[in-house]
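Q: Below, each chain spelled out in residue letters.
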Amino acid sequence: NAGVTQTPKFRVLKTGQSMTLLCAQDMNHEYMYWYRQDPGMGLRLIHYSVGEGTTAKGEVPDGYNVSRLKKQNFLLGLESAAPSQTSVYFCASSYFPTGAESDEQYFGPGTRLTVT
Amino acid sequence: GQQVMQIPQYQHVQEGEDFTTYCNSSTTLSNIQWYKQRPGGHPVFLIQLVKSGEVKKQKRLTFQFGEAKKNSSLHITATQTTDVGTYFCAGPTKGYGNKLVFGAGTILRVKS
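Protein chains in written order, with our numbering: chain P, 222 to 337; chain C, 2 to 113.
Derived by calculation from the structure, the hints in this document are not laboratory data. One should not assume that every hint holds.
Lysine-lysine pairs mimicking DSS-like chemistry, simulated, CA-CA at most 30 Å apart [what the hints assert, rightly or not]:
hint, chain 1, residue 1, chain 2, residue 2
1, P, 278, P, 291
2, C, 37, C, 71
3, P, 291, P, 230
4, C, 95, C, 112
5, P, 278, C, 71
6, C, 52, C, 95
7, C, 37, C, 52
8, C, 95, P, 291
9, P, 292, C, 112
10, C, 112, C, 60
11, C, 37, C, 60
12, C, 60, P, 278
13, P, 235, P, 278
14, C, 112, C, 37
15, C, 95, P, 278
16, C, 37, C, 58
17, C, 95, C, 58
18, P, 292, C, 37
19, C, 37, P, 230
20, C, 71, C, 52
21, C, 71, C, 60
I would like the entire structure built from these sequences, with the hints used as guidance.
A: Set out below in structure tokens:
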């Protein structure tokens, strides 16, 4: 199993350009997530999905859009990139949790995005 | 909104010394998870604590969940260079979706 994969690994964009980050998981997980990681701020949730065809906003959704057309894929789009979106982006996935426990999240290797 | 705070932000220890990072939540948690991120890597799940006052050990790592389920700690005994990385705690947020709110993390550096 490859687990969670992300493409691309690195990308440099000019302000105003658009791009799509692709996340794929082969663990048949229902839930998928997009986070951004900035120095000193931990991981912040951008958008998430609880199943194929569903998406929802997280903590910092502005400037991003997502789609989950297939269960195994979760796409993150930047329509008009801004320097404030320079960050490392992580995709994650998890099973459906039961009871008082959450389920662990499995992270992809990340995409390092620079917007100039 | 719900917040999870971690201290210290950064710690540099001599190899063989102990290390502790502390996590405090603004709300009572049903459980807490810990993750490790090696430099240049991605977060990897270490453990989950569910019960009040729970203590779990993984070799040199000891995890505790507070009695009030609002705080947690990770203690590493006799650090090694392989312990280098950032340690995050994370608690579940309200609502559907297995969502987590992460602390800012503690960066551990080990001098050999």
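Q: Give a verdict on every hint.
A: Against the structure, the hints:
About 18 Å separates the Cα atoms of residue 278(P) and residue 291(P), which keeps this hinted pair within 30 Å; it holds. At roughly 20 Å between alpha-carbon atoms, residue 37(C) and residue 71(C) fall within 30 Å of each other, so this suggested pair holds. For the hint pairing residue 291(P) with residue 230(P), the CA-to-CA distance comes to about 22 Å; that is within 30 Å, so the pair holds. The suggested pairing of residue 95(C) with residue 112(C) is violated, with an alpha-carbon distance near 40 Å, which exceeds 30 Å.
For the proposed pair residue 278(P) and residue 71(C), the alpha carbon gap of about 26 Å is at most 30 Å, so the pair holds. Between residue 52(C) and residue 95(C) the alpha-carbon distance is near 18 Å, which keeps this suggested pair within the 30 Å criterion. With a CA separation close to 21 Å, the supplied pair residue 37(C) and residue 52(C) stays within the 30 Å bound. The straight-line distance between the Cα atoms of residue 95(C) and residue 291(P) is roughly 26 Å, inside the 30 Å bound, and the hint therefore holds.
A threshold of 30 Å between alpha carbons decides the hint, and for residue 292(P) with residue 112(C) the separation of about 44 Å lies outside it, so the pair is violated. At most 30 Å may separate the alpha-carbon atoms for a hinted pair to count; residue 112(C) and residue 60(C) meet this at roughly 21 Å. Between residue 37(C) and residue 60(C) the alpha-carbon distance is near 15 Å, which keeps this suggested pair within the 30 Å criterion. Only pairs whose Cα atoms come within 30 Å are accepted, and residue 60(C) paired with residue 278(P) is rejected, the gap being roughly 38 Å.
A distance of roughly 25 Å separates the Cα atoms of residue 235(P) and residue 278(P); the hinted pair therefore holds under the 30 Å criterion. Taken as a hint, the residue 112(C) and residue 37(C) pair is honoured in the structure, with Cα atoms around 19 Å apart against an allowance of 30 Å. Restraint check: the Cα-Cα separation between residue 95(C) and residue 278(P) comes to about 14 Å, which is no more than 30 Å; the hinted pair holds. For the suggested pair residue 37(C) and residue 58(C), the alpha carbons sit about 15 Å apart, so the restraint of at most 30 Å is met.
With a CA separation close to 28 Å, the supplied pair residue 95(C) and residue 58(C) stays within the 30 Å bound. Between residue 292(P) and residue 37(C) the CA atoms are separated by roughly 27 Å; this keeps the pair inside 30 Å, and the hint holds. Of the pairs offered as hints, the one joining residue 37(C) and residue 230(P) holds, with about 20 Å between alpha carbons and a cut-off of 30 Å not exceeded. A distance of roughly 11 Å separates the Cα atoms of residue 71(C) and residue 52(C); the hinted pair therefore holds under the 30 Å criterion.
Using a Cα cut-off of 30 Å, the hinted pair residue 71(C) and residue 60(C) holds, with the two alpha carbons roughly 25 Å apart.
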